[in-house]
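S.K.: Sequence:
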Amino acid sequence: MKVSDVMTREVTTVTRETPLKDAARLLAVFQQQARHCQMEILPGPGKTLRWYVPDGTRDPATGELV
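Its first residue numbered 0, the sequence shown is counted upward by one per residue in numbering that gives the first Met the number 0.
For the record, the hints were derived by calculation from the structure and aren't laboratory data. These figures come from a predicted structure and were not determined experimentally. Heads up, a few of these hints could be off.
To be verified - Cβ-Cβ distance ranges computed for the label pairs, FRET-style:
id, residue 1, residue 2, range
1, PRO18, PRO44, 44 to 50 Å
2, GLY45, ALA22, 31 to 37 Å
3, GLY62, ALA23, 19 to 25 Å
4, ASP54, LYS20, 24 to 30 Å
Cβ coordinates follow ideal geometry from the N, Cα and C atoms, glycine included.
Using the sequences plus the hints, can you model the full thing?
M.R.: Here is the structure:
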């Protein structure tokens with residue numbers, strides 16, 4: 000199977016609703032990560048601010064990794 004065959008198949012199965020569903024799914028993932036986000040000010044003269052979701056963080060509702 001060639002890459003062009005796979006690309007053609009993917010393009011032909013896309014509908015008008017697919018981008019909206021993908022956008023909604025990505026927004027839900029972003030919002031979930033934002034709810035679990037923490038910040039840390041690193042030591043040093045730059046006082047760099049770091050935002051992150053700690054490794055191993057799980058969603059309390061589903062138990063899945065965030």
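S.K.: Next step is simple, just say for each hint if it's right about the structure.
M.R.: Now the hints, each set against the structure:
no. : hint                       : verdict
1   : PRO18 to PRO44: 44 to 50 Å : 45 Å, holds
2   : GLY45 to ALA22: 31 to 37 Å : 35 Å, holds
3   : GLY62 to ALA23: 19 to 25 Å : 22 Å, holds
4   : ASP54 to LYS20: 24 to 30 Å : 29 Å, holds
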